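Colleague: Sequence:
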Amino acid sequence: RAEAAEQSLGEGQAHQDEVRRAEEDARRAEEELRVLKEAAAQEAADAQREKEALQSELEEQALRAEAAEQSLGEGQAHQDEVRRAEEDARRAEEELRVLKEAAAQEAADAQREKEALQSELEEQALRAEAAEQ
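The sequence shown finishes on residue 148 if you use my numbering, and the numbering steps up by one all the way, no holes.
Take the hints with a grain of salt, since some may be wrong.
When the alpha-carbon atoms are kept at most 27 Å apart in a straight line, the in silico DSS-like pairs for lysine-lysine are as follows [as the list claims (entries may be wrong)]:
| no. | residue 1 | residue 2 |
| --- | --- | --- |
| 1 | 66 | 115 |
| 2 | 115 | 129 |
| 3 | 115 | 52 |
| 4 | 129 | 52 |
| 5 | 52 | 66 |
For each label pair, taking beta carbons as the anchor points, the in silico distance ranges come out as [to be verified]:
| no. | residue 1 | residue 2 | range |
| --- | --- | --- | --- |
| 6 | 126 | 91 | 50 to 56 Å |
| 7 | 94 | 60 | 36 to 42 Å |
| 8 | 119 | 144 | 36 to 42 Å |
| 9 | 126 | 28 | 37 to 43 Å |
| 10 | 57 | 81 | 35 to 41 Å |
| 11 | 57 | 148 | 40 to 46 Å |
| 12 | 130 | 75 | 41 to 47 Å |
| 13 | 102 | 141 | 55 to 61 Å |
| 14 | 126 | 79 | 39 to 45 Å |
| 15 | 120 | 145 | 34 to 40 Å |
Read the hints as simulated data drawn from the structure, not as lab findings. None of the values given here were measured: they were computed from a predicted structure. By construction, the Cβ of each residue, glycine as well, lies at the ideal position given by its N, Cα and C atoms.
All chains, full assembly: derive it from the sequences and hints.
Modeller: So, in structure tokens, the structure goes:
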């Protein structure tokens, strides 16, 4: 009976160890998910600030083009300024598109990582439950 009790105690300790490891893994996975979410939020905030700066720059260029039109009439200088403003606007729009794509990719990566971590947590919980039985 003592030997059976000793074996039962050993199995109980193994189960406790497995549960503790699963809980530690879950905490680490949750922390990693929190860090990924923060990084994605920072990337989105950075992209938003860049978008606002580009929009401000576009507005400023439009004002400069308008001022050039008023002061120079229909001359070549005005046409050059308008062409430069349009090129700047195209470049700014392309840069904004790239930033939005990067932010969307970062968010998608974070979502995939979250799903993988959740799946891993569920698997660990099932292993812990099986070890308990």
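Colleague: Does 41 to 47 Å hold as the CB distance between residue 130 and residue 75, or does it fail?
Modeller: Distance hint for residue 130, residue 75 holds at roughly 43 Å.
Colleague: Would the pair residue 129 and residue 52 pass a check requiring their Cα atoms to be no farther apart than 27 Å?
Modeller: Holds. Residue 129 to residue 52 sits at ~9 Å (cutoff 27 Å).
Colleague: Decide if the proposed pair is consistent with the structure: residue 115 and residue 52, CA atoms, cutoff 27 Å inclusive.
Modeller: 17 Å, holds
Colleague: Starting from the hint 34 to 40 Å, judge whether the C-beta atoms of residue 120 and residue 145 obey it.
Modeller: For residue 120 and residue 145 the Cβ distance comes to about 37 Å; the hint holds.
Colleague: Are the Cα positions of residue 52 and residue 66 separated by 27 Å at most?
Modeller: 21 Å, holds
Colleague: Please work out if residue 66 and residue 115 have their alpha carbons no farther apart than 27 Å.
Modeller: At roughly 9 Å apart (the allowed maximum being 27 Å), residue 115 and residue 66 satisfy the hint.
Colleague: Just to be careful, I want the Cα atoms of residue 115 and residue 129 compared with a cutoff of 27 Å; is the pair within it?
Modeller: 21 Å, holds
Colleague: Is the gap between the beta carbons of residue 57 and residue 148 within 40 to 46 Å?
Modeller: 44 Å, holds
Colleague: Within 37 to 43 Å: is that where the Cβ-Cβ distance between residue 126 and residue 28 falls?
Modeller: Distance hint for residue 126, residue 28 holds at roughly 38 Å.
Colleague: Has the hinted range 36 to 42 Å been met by the Cβ atoms of residue 119 and residue 144?
Modeller: At roughly 37 Å between Cβ atoms, residue 144 and residue 119 fall inside 36 to 42 Å, so the hint holds.
Colleague: Starting from the hint 50 to 56 Å, judge whether the C-beta atoms of residue 126 and residue 91 obey it.
Modeller: The hint (50 to 56 Å, Cβ to Cβ) holds, given that residue 126 and residue 91 are roughly 52 Å apart.
Colleague: Given the range 35 to 41 Å, decide if the beta-carbon distance of residue 57 to residue 81 lies inside it.
Modeller: 36 Å, holds
In terms of the numbered hints stated before, the structure departs from none.
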